[in-house]
Amino acid sequence: MSAPLVIFDKVQKHFDDFVAVKELDFEIREGEFLAIMGPSGCGKTTTLRMLAGLEAPTTGEIRLSGQVMNDVRPHERDTPLVWQSLALFPFLSARENVEFGLKMGGVDKAERKERALKWLDKMQILEFADRDISTLSGGQKQRVALARSLVMEPQILLLDEPLSALDAHLVIRMQAVLTDLQRELGITFVYVTHSQSEAFAMADRVVIMGEGEIAQIGTPKDIYRAPANQFVAEFVGRNNILSGTVAELAQDTARITTPSGDFMVPVNEVSLSQGQNASFVISADLVHIAMAKPDGENTAHCRLISEEFVGSMVTLFLEDAKGHEFKVQMQERELSSFDLKSSDNIWLSWDTQSAHVLNES
Amino acid sequence: MNQGRTLNVLLTLYVGLIFAFVFAPIIFSLIFSFNSQRFPTIPLGSFSTEWYQKILSDADVWEAALNSLIVSCSTAIIATFLGFCTAYSDYRYNFRFKGPYLALILLPPTIPLIIMALAMLAWFSKIGMSGQIYSIIIAHSVLTAPFAMAVIRLRLNQMDPDLEAAAWNLGGSEWATMRHVIIPFCKPAIASGLFLTAAVSFDEFAVSWFVSGLNKTLPVIILEIVQGNIDPQVNAIGTFVFLISMTLVVLAQIFFASRQLKSIRA
Amino acid sequence: MPTKPVRKFSLYALTWRLPIIVWQFVFFVGPVLFMVAMSFFLVKNYRMTEAFEFVNWTKMLSRGYFWDSYWYTVMIATASTVCAMLLAFPAAFALAFRASETTRRWAIFLLIIPFFTSYLVRTFSWFVILSESGVVNAMLGYIGLGPYTMLNTNFGTLVGYMTLTLPLVVILQTVTMANIDKTLIEAARNLGCKPLATIWQVIIPLSKTGLIIAAIFCFILSFGDFVAPFYLGGSQEPTLPILILDTTKSGQQWPRAAVVAIMMMGTLFAVAFAGIALAYRKRKGAK
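Residue numbers (our numbering), protein chains in the order written: chain A, -16 to 344; chain B, 2 to 267; chain C, 21 to 307.
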């Protein structure tokens, strides 16, 4: 894509008795929308705060445009942050909030006002310019917070779970606002979230973190189709994970023996050897169901446990004779063509190429 | 449910009684200050402003009133400043000996005033600072700073924990952030602290009595009158003193609760 | 509080942290330590000289009148505490459980006012009201009762202490009880506990900490006050604060006064300590 703007070089962060970030080595590219995603406590917010200068790395370097930032104070950096709690100044009006960063930078009164109004207009909240913050709705406050950071015209914008306090319908709308903004302005967005749907919907690349380390970096599509390891596979998407031992190796496939039966997997990047333990993943939307045993190398006989409807998608939860849980995802209209009354007798199948072997890390 | 209602009536009466007990001396003092009799009792004598005229023409009273004014204003400023410094340090920093640090400001109110009065008298005499107006100011600032600190600390609790960092993030240095964010945010509590410490200082008599020497404050004058014979002038002075301290305390409370008043932005 | 980057040496941090340290050391710790030291000084010919002698201690602590005064002060302060806590309770109960939130706020607002207004003038008011020919006796006279001697008695002293402490005790008790988990009371009722019994079985145990704190404050205030026993109690039996007053103002015997002061402080520390330990004591076996 483009040149690296930010480089994390062997960065670690220790707090007194616990390690928040074990070792970070990655880069953030200019002009990209990067999401850092992971469960609570994985270190994603700490990483963002280190970039903003609110935490100092215990070891390692953070470089912005080639310059080492470790000793640069937070107010000397150009890394405006959109806070999870929004952190708007309650004693200032919306416009005064937006002007704040410019005021700190010594911009004169008239110019401050002009730029602030321009951005409030851009965020479609110009009419609220002189209002008290407490009178604004959640969505309006969100836009003030964005305007406040963007008016600084920074190279890089940091966002810490900014949509977590919004109602569900607003979240979708704001996601569109953010992606459009980023594309239009061309600045780098670094977006921290615990929500997979947010990260995958908006980002060019996603960094998945777990327990202070990077589990995988890639485009949403790559991660979804080819999770690098068990942690990512479980965290992302609806995946079926099966584990067993390698019984037989062929040119580009292998046969793996699991308690639920024998299955064929493609052998691509990961090198396998006979007798080795291996896990593989089949995405729930790549599994087919049938009422009678289908042809094919990969089948499983299950009974239906439950169904979950989300919008037009339905996820079926099934269980085989050995008690292993399977998930199948399809459109609701596809489901209606099946008669699931005989729910004890459902056959699952998938293509060998749909499976993906995991790294044993 | 009849029991419930009778109980409620009884309880309301009881609360009324308690309030009557608490406010009775204040109200009586007010009534008797306009009473013509020398010794206040019922039946009341005639309405008279004699006692007010007396105190308003007494030079000693005016001087003491002026002293009280100077002392409480100065005390308010110093105590609120000290309270702010401590509240902010407690809010923002964790450091060794933080416990003893907080104890340092919070202990004085737990020590009986008469003991503080003795200790201050002795110490100020030793270091040659006794008997002056500033002696009282210093002593009062020690006694009232905890109130200012408590009020401001409570206000800081209401601040979004990210607010300070948000200001740094937008380019404000620590000093600029203090000036443009922390202080504006704390304004109601600072005002409240000023009024509260002024009120406490204005009424304080024990330490003032010991430490002031010849520079008497109003409470000291009251003490001296009370030690003599029954003199209804005390009611007149008392009424003034009540009015002033009550106004200060009410203002302090209004500012403290002003967060709920949307119209006050600062 | 979120962690914030703090450099090793920060002028900014020091500017805010130092003032109170310097000020309090010079003007609070200094006086208190000096007072302790002063208890070992000597007074010859009305002049105090610095020394390290125990004579003030031995003289004071061997005097009958000191110990009489000591125990009397403990007794009357305890009486005051019991009185205030009992008198305040029904009012606090009403405000916490029967009053609306607004009423409660107004009540506390009103109760804070006298707490910060001239205690001296209020005492003087009571002096006038309670005297032989004062308002109370005059009113009782109309219905053929009295006159009763209320001043220069323990009763008078207690009225004075109530004037000092009642507003504070009511506020503390009200706030404590208003903040307990009301659903626990409902649960007790649901399990068959009679309404009056819930006070003893549920409300008081839940409010224990706050109530003990209120009692400690009340004791400290009463123990250290000289106005009530002096003006309303007639100092028939001098309390320790009156002893300090006499010794300082009339006798110029500051070292002796210091001894009394230190004995007072020691007692108050012990009471506060025991009270707090009691307030925060965990059940046996709890961590």
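Since the hints were derived computationally from the structure, they do not count as laboratory data. Don't take every hint at face value.
As the list claims (entries may be wrong) - Covered, in the sense of this in silico footprint (three residues per stretch, anywhere, with C-beta under 8 angstroms from a C-beta of chain C), are these stretches of chain B:
id: 1; stretch: 11 to 18
id: 2; stretch: 154 to 161
Stated by the list, open to error - Straight line, CA to CA, 27 angstroms or less: simulated DSS-like cross-link-like pairs of lysine-lysine:
id: 3; chain 1: C; residue 1: 302; chain 2: B; residue 2: 99
id: 4; chain 1: C; residue 1: 302; chain 2: B; residue 2: 127
id: 5; chain 1: A; residue 1: 96; chain 2: B; residue 2: 127
id: 6; chain 1: B; residue 1: 99; chain 2: A; residue 2: 86
id: 7; chain 1: C; residue 1: 64; chain 2: B; residue 2: 127
Glycine included, each C-beta is placed from N, C-alpha and C at the ideal position.
- Item | List of violated hint numbers, smallest to largest | Checked against the structure, the hints that fail are numbers 2, 4, 5, 6, while the rest are satisfied.
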